[in-house]
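**Student:** Residues per chain are reported as follows:
Protein chains: 2
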Amino acid sequence: MQLTKFTDLSLRVLMYLTQHDRLQPVTINEIAQQFSVPRNHLIKVVTRLNKLGWVFAMRGRHGGLRLGLEANQLKLGNIIFELENTSTLIDCGKPPCALKGQCHLKEILDDALNVFYAHMNTFSLADVVNQQTQSAVISMHQRYQVFLSTQAT
Amino acid sequence: MQLTKFTDLSLRVLMYLTQHDRLQPVTINEIAQQFSVPRNHLIKVVTRLNKLGWVFAMRGRHGGLRLGLEANQLKLGNIIFELENTSTLIDCGKPPCALKGQCHLKEILDDALNVFYAHMNTFSLADVVNQQTQSAVISMHQRYQVFLSTQAT
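Going down the list, the protein sequences come from chains E and C. Under my numbering, the letters of the first sequence match residues 898 to 1050, in that order. Under my numbering, the letters of the second sequence match residues 898 to 1050, in that order.
A portion of the hints provided could be inaccurate.
[Claimed, not checked] Restraint-style ranges between C-beta atoms, simulated for each label pair:
(1) 1018(C) to 938(E): 32 to 40 Å
(2) 1015(E) to 1040(C): 37 to 45 Å
(3) 1029(E) to 926(C): 37 to 45 Å
(4) 1018(C) to 1043(E): 45 to 53 Å
(5) 940(C) to 1015(E): 24 to 32 Å
(6) 945(E) to 1024(C): 52 to 60 Å
(7) 963(E) to 965(C): 51 to 59 Å
(8) 944(C) to 903(E): 29 to 37 Å
(9) 938(E) to 940(C): 19 to 27 Å
(10) 970(E) to 985(C): 43 to 51 Å
[Stated by the list, open to error] Okay, the calculated bits of chain E under chain C, using three or more residues with CB under 8 Å as the criterion:
(11) 904-912
(12) 931-938
(13) 982-996
Think of the hints as simulated: they come from the structure by calculation, not from any bench. Every residue, glycine too, gets a C-beta built ideally from N, C-alpha and C.
Use the sequences and the hints to build the structure in full.
**Tutor:** Here you go:
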């Protein structure tokens, strides 16, 4: 029982972007390099976050990525619920269970998952990020700016 | 975020065995057939359940599988916790996260997972099984006995 890699990476992207106001424009290339993930994979993540209205992508030379909402408006339970492709912890159809619809397991698991999401919704993206996170992102970004300047020369 | 197939199958096996007192000895072959799963996969599941003391395997001609504890002693949270290989919902090391140890995400997720397990522990295996489950297992078992008798002739 783990979050998908897609959700995990989405959360990393959202955390990074909580600092967008304090950074030069953040690009997909930058985030891909910071988290050592394939650019194509990241594009899928950012596209999804953009569709959800959680990330804005500004085109152009000075464009970049930024959060579409304040970090305290993004509840963690809702983020995970939207990004995970499944809303249940078991699939009674894969492989088909001979007891499907004849036991309380799915119902009990569904309830517990709702309890999990309700608990997660008492926290927002802002609660995930502390002073250390802020400093770490800013340092990472500054190193990337130095890297870019060496590439340009 | 889903239970592993291993946990899912383990829960199906445990549900089936709640009725062991009312059935002829239940074999691995029987359960493999009932849930359409490969015998080798099921052997791994039963071996694990046996090591945990939740399933007893009696050898010999009249041997078979039975629960090692009363169904109401097997708490669902504990069952899932033991069978899932992970105790966290994200792995900050795969791929290595540049923010590892510098944010509150893992801590918040770990807490929410504990809330999930605590909720699941308010239910036992006995709560999963209702009258319908009992009848379904007994019918499945009877059909298997008929199948066996046709094989023997």
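**Student:** Next, verify each hint and record whether it holds.
**Tutor:** Verification of the hints:
1. Between residue 1018(C) and residue 938(E), the C-beta spacing of about 37 Å keeps the proposed range 32 to 40 Å intact.
2. Our hint of 37 to 45 Å for residue 1015(E) and residue 1040(C) holds, since their Cβ atoms are close to 42 Å apart.
3. One distance hint, 37 to 45 Å for the beta-carbon pair residue 1029(E) and residue 926(C), is violated here, with the actual separation near 56 Å.
4. Checked against the given bound of 45 to 53 Å, the beta carbons of residue 1018(C) and residue 1043(E), roughly 51 Å apart, stay inside it.
5. For residue 940(C) and residue 1015(E), the hinted distance range of 24 to 32 Å is not satisfied, since their beta carbons lie about 39 Å from each other.
6. Judged by the Cβ atoms, the range 52 to 60 Å given for residue 945(E) and residue 1024(C) is violated: they are separated by roughly 37 Å.
7. Take residue 963(E) and residue 965(C): their Cβ atoms lie about 56 Å apart, and the range 51 to 59 Å holds.
8. Checked against the hint of 29 to 37 Å, the pair residue 944(C) and residue 903(E) passes, with Cβ atoms roughly 33 Å apart.
9. Look at residue 938(E) against residue 940(C): about 37 Å separates their beta carbons, and that is not inside 19 to 27 Å.
10. Distance hint check: the CB atoms of residue 970(E) and residue 985(C) are about 26 Å apart, inconsistent with the given range 43 to 51 Å.
11. Proximity of the stretch 904-912 of chain E to chain C, defined as three or more residues with a beta carbon under 8 Å from a beta carbon of that chain, is established by the 5 residues found.
12. Under the rule that three or more residues need a Cβ within less than 8 Å of chain C, the assignment of the stretch 931-938 of chain E holds, with 4 such residues.
13. As drawn, the stretch 982-996 of chain E meets chain C at 10 residues by the rule of a beta-carbon pair under 8 Å; at three or more, the given contact holds.
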